[in-house]
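Residue strings, one per chain:
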Amino acid sequence: MKEQKHKVQRMNQIMFKSPLFIALLLVLSFWVYGEQSTVPPVVDITQNITHVVVIDPAHGGNDLGVNSHGLLEKDINLKVAKILKDKLETQGSGITVFLTRENDSFSTPVDRAGFANNKKGQLYISIHSDYSANPNTEGYEVYYSVGTDVASNKDKTDIIDWTKVQLYHINESIRLATDIGQYMQAQLIQETGETGNTVRDSLVLSKYRKEKSAALISLEGVDMPAVVIELGNINNASDDSYLKDDKSINTMAYHIKEAVCYFLKDIK
Amino acid sequence: MSENTPIQPPVENNILKKILTLFKPGQLVALGIIVLCLIVLFVIVSNFGKKTTQSLVASYQLYSQGDAKQTVLLFFGNPKTEGFKTVPAIIFNSVLQINRIKQLLILLTDGPKNNDTVNLLPQGTTLKDAYLDANSILYLDMSAEYSANCKGGTTGEYEAIYTIINTVSYNFPWVNGVKFVINGMEKESLAGHISIKSIMTADMDLSNYK
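Each protein sequence line maps, in turn, to chains E and D.
Here my numbering is used: position 238 in the first sequence is 238, and no number is missing along the way.
Here my numbering is used: position 68 in the second sequence is 68, and no number is missing along the way.
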C-alpha cells in the first residue's frame, strides 16, 4: 500500500514538474487558441443584395508615396488592393469591387472620390503604407475623418460642401474603422478552400495600433463610409520586411476582407 | 625740423582731394549711388542660395537680457514607442507674447540635443515668421523644407504637424489655434495626407507624451 502511494507520488512528480510536460501543455494551449476565432466568422453576407465596394490604392504614377529601401508605397498599395478585390469578389456574388486605379497611374484624391461616388459605393477603403520619422513606430493603423456627424441635420435641399460630404457618414466610418481594427487584432480561422490559396494566419496581431481620426485629404468628398488603412511603417525594419513578404500581405488582405464582409452584413 | 615748418597733410588726402576735384558735386552723388548699388549687389550675390530662413527670425531681437526666464516643454518623438516625449528648455519671458512663441519654435526646429528623443520635423524645417491675430490664432510661416522634405505617410505628416501644435498649445494654452503657411503661401497639405487648410488645435491623444 505504502509502495503504491509512493509510486503515485512519483508519477505526479514526473508528470507535473517535468519541463517536457509543461512544454507540451503550452504547445497544446497555443494550438487550441490558434484554431479558434475571437470574432464571428463571416460566411454569407449577400442575402441577395449587391454591395459595391471601392478600394483606392493610394498614390501611383509619378506620385511614388513613401520610398524607402527600394520599397515603393504605390506598388505595395496596388498589390494589396488587388488581392483584397479578388478575395471580396470570390466571397460571394453579392460584392462588386472597383479599384480607383488598376495600374501604375496617377489621379488626384478629388478624382478618386468622384469615381467612388459615381459608382455609388457603399464603402471606400484607401490603402496606404505609412511612414514615421520614428523608426520604432511599428504596425498598422486605421484612420477616419475628423469631425462631428451631421447626418441628423441633413436637409435634402441643402447644398453640400464637397469638403463636408464625408461628415454625413462619420458615424458609419467610425464603425467601419472599428470593425477593421477588431478584425486586424483577431486570430481568424485559416483561410481555405474557395480561393485556392490556403494561408496560415500569420498576421502579427499585436502590431495593430489603433483607430485614429485626422483631417484626411484622401477622404474629402467621399460620399459613403470611408477609411484609410496604413499597412505599416516603411521606416521600421520589421514592418519593412513584412510589407515585402507576399504571404504576409495576403494575410493582411484576408483580415481586411473579413472585416469588410462583417461591416456589409448590416447594410441593407 | 624748425617749429615754423608747416605740417604737411598726409599724401593720401592730397590724392583724394585731387580725385574729388576731377568730379562735379552731381557726378559725385551719382558715383556714390553706383558704389552703394555695387555693394548691395555683392551682398545679394554672395548670399544667393544660402539658407537664411532660420537666421531671419533668429536675428530679430526676441528678448532683452534683463528678461526673466521661463521653462518650456518641447514635444519631440519618443524613440521607444509611438507618440511624443517632452524635453524641458528655457526661453526668455519677452514682453511680446509672439516673441516667446518664436523662441519656443526656434528651439523646436533646432531639434533634440541628444538621442533621447527624435526630431519629427522634416529635415531643414525652420520658422520663417509667426503672427498672432486678435483672436489668439497663431499663423506660422514655415520654410519650404517643411513640405518639400516631408516624406509623407499619414503618421509622418501627423507627427510633423502636431510636434509644433502640441508644443505651442501646451506652453501657451491661450493660443486658440494654429494656421500653417509654407514659405508665405497657403498649402493644402504637407505631402498629400493631412489637410492643413484650416486652423488646427492640439491633439494630446498621442500616448506617452510626458
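Mixed in with the good hints, there may be bad ones.
With a cut-off of at most 16 Å between alpha-carbon atoms, the simulated EDC-like pairs for lysine to aspartate or glutamate come out as follows [claimed, not checked]:
hint, chain 1, residue 1, chain 2, residue 2
1, D, Lys-128, D, Asp-203
2, D, Lys-187, D, Asp-133
3, D, Lys-197, E, Asp-161
4, E, Lys-212, D, Asp-203
5, E, Lys-79, E, Glu-211
6, E, Lys-207, E, Asp-240
No wet-lab data here; the hints were simulated from the structure.
Hints and how they fare:
1. For the hint linking Lys-128 (chain D) to Asp-203 (chain D), the alpha-carbon distance of about 24 Å lies beyond 16 Å, and the restraint is violated.
2. A threshold of 16 Å between alpha carbons decides the hint, and for Lys-187 (chain D) with Asp-133 (chain D) the separation of about 20 Å lies outside it, so the pair is violated.
3. Pair hint Lys-197 (chain D) plus Asp-161 (chain E) holds up; C-alpha atoms about 15 Å apart against a cutoff of 16 Å.
4. Only pairs whose Cα atoms come within 16 Å are accepted, and Lys-212 (chain E) paired with Asp-203 (chain D) is accepted, the gap being roughly 11 Å.
5. Using a Cα cut-off of 16 Å, the hinted pair Lys-79 (chain E) and Glu-211 (chain E) is violated, with the two alpha carbons roughly 23 Å apart.
6. Our distance criterion of 16 Å between C-alpha atoms is met by Lys-207 (chain E) and Asp-240 (chain E), whose separation comes to about 13 Å.
This entry does not satisfy hints 1, 2 and 5, going by the numbered hints stated previously.
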